[in-house]
Amino acid sequence: MSQSKGGRGGAAAKGKKAGKAGSEEKREATLQAVACLIADDFQTRFLPFSLDKPRCLLPLANTPLIEYTLEFLAMNDVKEVFIYCGAHYEQIERYIQNSRWLPIAQSSPFTVLEFIRVADARSVGDFLRDLDGRGIIGGDFLLVHGDLVSNLSLEGALAAHRARREANRDSCMTMVLREAGDAEHHTKARTKPPIFIVDPRKNRCLHYEEINPFQADRYVDLDPTILENAEAEARIDLVDAQIDICTPDVLALWSESFDYELPRANFLHGVLKDWELNGKMIHTDIVTEGYSARATNLQMYDAISQDVLGGWAYPFTPDCNLLKGQTYHLRNDNVYQEDDVLVEDNAETIDAVIGRDTQVGSKSIIQNSIIGRNCKIGKNVRIINSFIWDDVEIHDDAVIEHAIIADTTHIGTGTAVREGSLVSYGVQIDGKLDIEASTVLSLHAHNRSPVESQPRVVGAQGKGAIFQYPEEDDAGAEDFEKFENSLIYNLDQFDIDGSSVSSLGDDDFSDDDSEAASATPSQPTSRSRLSSFASDDSGTPNFSSFHADAVHGLLEVLRGSMGDFDSEKLEFTSLRLANNASDVAMRKAVATAFVRRAVELMNAESSGLDAAKAAKEALTSRTGASSFVADVGVGGDSVSEQLEFALAVQKACVSSTKVIEVGKAGNLLAAMLQQMYDLDVLEEEGLIAWWEDARGKEGEVMSVVRAKCQQLIEWLENAEEESDEDDDEDSD
Amino acid sequence: MATQKGGYTPSLEKFLDSLKSRPVQASVELLISLLKRRQIKGSEACATATAHILLQVVARDKWTNVDQLLGRIQLVGRKLVTAQPHELATGNIVRRVLGLIRDEASEERNDATTDSPRPASPSPSPSASASVPAPSHASSPPKPARPPTLASIGSFARTQSMFNLLSDPNLFPPTGSNASTPGQVSGASTPILNPQATNVSALRSEVIDGIQEIMDEIKMVDEQVQTYADIFIHPGDYILVYQPSRTVQKFLTRAALKRKFTVFLAIDPSSATSSEALYASLLKSMASNGSSVITVLNAGLMAYMSRVDKVILGARAITAQGGVIVDSGGAAIARAARERRRTVIVLGGVYKLSPESKLLSESRVEWGDPSKYVSFADGSLVSHVRVKNAVSEFLPADQVDTYITNLGAHAQENLHTIIADHYKEEDINFDLYGKAQRISGGEIE
Numbered sequence: 001m002s003q004s005k006g007g008r009g010g011a012a013a014k015g016k017k018a019g020k021a022g023s024e025e026k027r028e029a030t031l032q033a034v035a036c037l038i039a040d041d042f043q044t045r046f047l048p049f050s051l052d053k054p055r056c057l058l059p060l061a062n063t064p065l066i067e068y069t070l071e072f073l074a075m076n077d078v079k080e081v082f083i084y085c086g087a088h089y090e091q092i093e094r095y096i097q098n099s100r101w102l103p104i105a106q107s108s109p110f111t112v113l114e115f116i117r118v119a120d121a122r123s124v125g126d127f128l129r130d131l132d133g134r135g136i137i138g139g140d141f142l143l144v145h146g147d148l149v150s151n152l153s154l155e156g157a158l159a160a161h162r163a164r165r166e167a168n169r170d171s172c173m174t175m176v177l178r179e180a181g182d183a184e185h186h187t188k189a190r191t192k193p194p195i196f197i198v199d200p201r202k203n204r205c206l207h208y209e210e211i212n213p214f215q216a217d218r219y220v221d222l223d224p225t226i227l228e229n230a231e232a233e234a235r236i237d238l239v240d241a242q243i244d245i246c247t248p249d250v251l252a253l254w255s256e257s258f259d260y261e262l263p264r265a266n267f268l269h270g271v272l273k274d275w276e277l278n279g280k281m282i283h284t285d286i287v288t289e290g291y292s293a294r295a296t297n298l299q300m301y302d303a304i305s306q307d308v309l310g311g312w313a314y315p316f317t318p319d320c321n322l323l324k325g326q327t328y329h330l331r332n333d334n335v336y337q338e339d340d341v342l343v344e345d346n347a348e349t350i351d352a353v354i355g356r357d358t359q360v361g362s363k364s365i366i367q368n369s370i371i372g373r374n375c376k377i378g379k380n381v382r383i384i385n386s387f388i389w390d391d392v393e394i395h396d397d398a399v400i401e402h403a404i405i406a407d408t409t410h411i412g413t414g415t416a417v418r419e420g421s422l423v424s425y426g427v428q429i430d431g432k433l434d435i436e437a438s439t440v441l442s443l444h445a446h447n448r449s450p451v452e453s454q455p456r457v458v459g460a461q462g463k464g465a466i467f468q469y470p471e472e473d474d475a476g477a478e479d480f481e482k483f484e485n486s487l488i489y490n491l492d493q494f495d496i497d498g499s500s501v502s503s504l505g506d507d508d509f510s511d512d513d514s515e516a517a518s519a520t521p522s523q524p525t526s527r528s529r530l531s532s533f534a535s536d537d538s539g540t541p542n543f544s545s546f547h548a549d550a551v552h553g554l555l556e557v558l559r560g561s562m563g564d565f566d567s568e569k570l571e572f573t574s575l576r577l578a579n580n581a582s583d584v585a586m587r588k589a590v591a592t593a594f595v596r597r598a599v600e601l602m603n604a605e606s607s608g609l610d611a612a613k614a615a616k617e618a619l620t621s622r623t624g625a626s627s628f629v630a631d632v633g634v635g636g637d638s639v640s641e642q643l644e645f646a647l648a649v650q651k652a653c654v655s656s657t658k659v660i661e662v663g664k665a666g667n668l669l670a671a672m673l674q675q676m677y678d679l680d681v682l683e684e685e686g687l688i689a690w691w692e693d694a695r696g697k698e699g700e701v702m703s704v705v706r707a708k709c710q711q712l713i714e715w716l717e718n719a720e721e722e723s724d725e726d727d728d729e730d731s732d
Numbered sequence: 001m002a003t004q005k006g007g008y009t010p011s012l013e014k015f016l017d018s019l020k021s022r023p024v025q026a027s028v029e030l031l032i033s034l035l036k037r038r039q040i041k042g043s044e045a046c047a048t049a050t051a052h053i054l055l056q057v058v059a060r061d062k063w064t065n066v067d068q069l070l071g072r073i074q075l076v077g078r079k080l081v082t083a084q085p086h087e088l089a090t091g092n093i094v095r096r097v098l099g100l101i102r103d104e105a106s107e108e109r110n111d112a113t114t115d116s117p118r119p120a121s122p123s124p125s126p127s128a129s130a131s132v133p134a135p136s137h138a139s140s141p142p143k144p145a146r147p148p149t150l151a152s153i154g155s156f157a158r159t160q161s162m163f164n165l166l167s168d169p170n171l172f173p174p175t176g177s178n179a180s181t182p183g184q185v186s187g188a189s190t191p192i193l194n195p196q197a198t199n200v201s202a203l204r205s206e207v208i209d210g211i212q213e214i215m216d217e218i219k220m221v222d223e224q225v226q227t228y229a230d231i232f233i234h235p236g237d238y239i240l241v242y243q244p245s246r247t248v249q250k251f252l253t254r255a256a257l258k259r260k261f262t263v264f265l266a267i268d269p270s271s272a273t274s275s276e277a278l279y280a281s282l283l284k285s286m287a288s289n290g291s292s293v294i295t296v297l298n299a300g301l302m303a304y305m306s307r308v309d310k311v312i313l314g315a316r317a318i319t320a321q322g323g324v325i326v327d328s329g330g331a332a333i334a335r336a337a338r339e340r341r342r343t344v345i346v347l348g349g350v351y352k353l354s355p356e357s358k359l360l361s362e363s364r365v366e367w368g369d370p371s372k373y374v375s376f377a378d379g380s381l382v383s384h385v386r387v388k389n390a391v392s393e394f395l396p397a398d399q400v401d402t403y404i405t406n407l408g409a410h411a412q413e414n415l416h417t418i419i420a421d422h423y424k425e426e427d428i429n430f431d432l433y434g435k436a437q438r439i440s441g442g443e444i445e
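Protein sequences, first through last, are from chains U and L. Position 681 of the first sequence, counted from 1, bears residue number 681 in UniProt numbering, the numbering being contiguous throughout. Position 139 of the second sequence, counted from 1, bears residue number 139 in UniProt numbering, the numbering being contiguous throughout.
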């Protein structure tokens, strides 16, 4: 019988810390796991609930999320667990101290369970760099997050990972992904759908990208080297629960890249992009059985709760009674009920989880909902698709539809709480009120200071006020936050240009004028597997890869998501040197990036900036942007260089007509040039030279876009005449 | 959820391997979570694991008198049962061990008080139970294939339970110390009040022996059940089996050695792909002996039913009243067979026979992962349709004709006598379930 040495080895290592200098065999035997239990990923998706409690302690189907994660680790015979905590680490530590997971407790399947605190950590990246510094990881380890719900057996993935590592030391990581079909699926990440470009024969991941629904264009820039692989599939049908089997090399990679923050958007994207440099390969293991998902935001929380209730995470159903003292039993109509629950005979419960000591009054309807312990639900109450946590009082005739009601809240008689509302801890809502859809109520502001009650919202006797999310300086980011923080996936409230991901171009501003298939995001028509890619028809491969990388980097900076222009300048220059890019390519990249940013600003926000404002925002919102354009984009004071840059801007605007109307593109061009003129990036001579240059008039679209600048040029010519004397001093 | 052997995923083998190196309490907790995670599943695995863990409790836990030991076993047993209430075998083994302890303790006490020599225990020859005359037709209730001595004892049957247990399989020569004198009816009396009189270490070794015999019994079930194959399968029979368990497969294989018959192998469409490997050995041995196997998908079963003579199902558990818990899909087949008046035979070891009478109807059926029927990738179905997949199903007593256990073939009416032979009344009534079961205890079948 092929019994593994894993079990015995694990047992032998019991009580001893296995990390250091273990022989090869030891490392084979003990699978280490680092459970990265980051309370909120340094993000604010679970506000206002995560103010008081870390995300991993929030109840999912009345069991804290972290229980599912630890249970998953135990299920795969992980022996050593290191937990990194972000916010609320004291609560997590206290929770674990009192749980059955502590290695001192005989019930614990782990031999080591350690908390590691990192004082100044600001991201997951900081944790992993810290882990690298500690040198406690000797062999392969598993990287998971504290909000993971999964019943996958990693057996196959681990074996495949080992085999690959034996064959090639550079295979450093295996991501375990769950297939979830092409169609819309509630468990697939909808706020930022990931795209994995995978070589299906070797399971190697070639490229990774996240699509932001607020992105103006919905293209993915692909490195042409990807096309050198015989086959490549673009997969958007995967649920990424971020279960990674890593070798210690992964930690080294994290340490090398000190600015990586997120395991996917930064690390994975970056490592794959620099494949030619570091030679590291990352593989995927796409499973078609089992369940895995991360409760990364409230929408996922909702989805996973439904899946658990529906039995998809079997054996992790409520009647598995993971927590000590739980006594759930499955009754008729798919109702999981604990002991001492009092449901009146004429109350109706379907598809529900009801915790201990909860009372449900007569004629109440509870449907597809999860109700915690010790709740008092009055008569004639309707609770649909909702999450009621512990110690909640809901008085007669109340209606709760698709909302989250946190601990110790009171909902008054006859009050209705509508779809998407979040009611945080301790809020009291008076009777006979109508809480509008997507209202967020809390006793605290986002900085934890108590807020004054708003009787207008919660009634005269009520307590609580509308919760204000932390301000974001970037208007676009705020919209996105709002979108990510809401319980209900709904893009209707946002004004989004709905082109789907169905066509991929490796150069998205290529001359290809074909319109992207248009579809609203809620009904994507996109296919998941695309074996064909638009061919590269602009410039040499080198140039194209430089262009894509440069534009991507610049856009990141412009969006304010990372870095600043000082470092970007450095990076840009090195990128240029690495690719031996021409001046033309540089100009094109800079112009493209800024125009794309402006287009994003014009398109994406519900506030809808006009062309002038968008141009101004793009060029001025980040410090150093204008000087960057002047130094890198234009590159000199000579008229010909200015001409070339203006031309590049024009071309960029012309390509942007794929996502905005031609008229708008013209306006944008005029606004961009005007703005650059105001910022002294471009001068009159340059602009007038551009205006007269024949290349700017080639083609129909070029001239249409250009026409909008007529006014600007006329004004410039006039200004020049009027201030002739001043110009004498300036010009040389 | 794939549970391959070897590698990292904990399994029954690894659990048993690790038992010795782990403190008892830790093993208990480990088993609880393995049961909860369904990493140990199936009645045989659960029964084996339970027997092993109880052996550890008896052998390694500190206890100074019988009451303590009983309390300890009850505590552990209750924990195990609540961890996976759908596996009735767990509770059965717990009750068997409790009964065993009571028996041994009463003997110890009797030995201490009376020095009367034991009568020579009648030891039926191994062939005795196997050669019990076969019923002329399978649908007629067969005589219990039990040594006639015991059946006639009647009121003493309970006292003799331990003896029964040991002598019936016939493979273990009854150890002299285990047979109690019929005259001293004291086995049913509960706690032993004079711990001083009880020699703890002797009792310990006796109980350990007893548990080991239970473990052997579980192991031997397949071999013992298959000895009845020739009696129930006749040449030229058309037999329908549904997702045959190992017990059923061995039964067929054994019959094929002597007889030529046809087997309809019914397979659930959802598991059709993996079935080839599972039933390969069955197919091979059937073919080599000239019997034919026809694979049928579950959907078209009704059409074959008119050709079928007998339906053989493997039991997950058998209740005292004769109801059977089978793999989901089995109940429909039994109903179809009933429509056509075909014989339904249920196979399963005695350890699957549960005295539990306070079962909620819901807890007989375990609901599993819907992905057997609906792909998780089908987003709209996952989001909008609640799909339920029963892992097991309950087959009411009236749809079963014959039960074949390692003790022989039984009719429904005889089941309660077997239960009385194997379990003590106080253990039958002992509540292994939580409060929920007690409250709604009225909902009995």
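Hints in this document: simulated from the structure, not taken from any laboratory. We put the CB at the ideal spot given by N, CA and C, even for glycine. Watch out, some of these pointers could steer you wrong.
[Claimed, not checked] Covered, in the sense of this in silico footprint (three residues per stretch, anywhere, with C-beta under 8 Å from a C-beta of chain U), are these stretches of chain L:
| id | segment |
| --- | --- |
| 1 | 100–108 |
| 2 | 206–217 |
| 3 | 375–384 |
[Stated by the list, open to error] According to the in silico footprint, chain L covers these stretches of chain U (three or more CB under 8 Å from chain L):
| id | segment |
| --- | --- |
| 4 | 70–77 |
| 5 | 167–181 |
| 6 | 186–200 |
| 7 | 286–295 |
Task: Coverage assertion for the segment 286–295 of chain U with respect to chain L, Cβ distance below 8 Å, three residues required - done: holds (count 4)
Task: Within 8 Å of chain U's CB atoms, at least three CB atoms from the segment 375–384 of chain L: coverage verdict - done: holds (count 8)
Task: Verdict on chain L covering the segment 70–77 of chain U, where coverage means 3 or more residues with a C-beta closer than 8 Å - done: This one holds; 5 residues, not fewer than the three required, reach chain L with a Cβ under 8 Å.
Open item on the list: Three residues or more, CB to CB closer than 8 Å: is that satisfied between the segment 100–108 of chain L and chain U?
Closed with: violated (count 0)
Task: Claimed coverage, the segment 206–217 of chain L by chain U - three or more beta carbons nearer than 8 Å - done: violated (count 0)
TODO: Verify the coverage statement for the segment 186–200 of chain U against chain L, using a C-beta to C-beta distance below 8 Å and requiring 3 or more qualifying residues.
DONE: holds (count 3)
TODO: Apply the coverage criterion to the segment 167–181 of chain U and chain L: a residue qualifies when its Cβ sits closer than 8 Å to a Cβ of the chain, and three qualifying residues are needed.
DONE: holds (count 4)
Checked against the numbered hints given earlier, this structure breaks hints 1 and 2; the rest are met.
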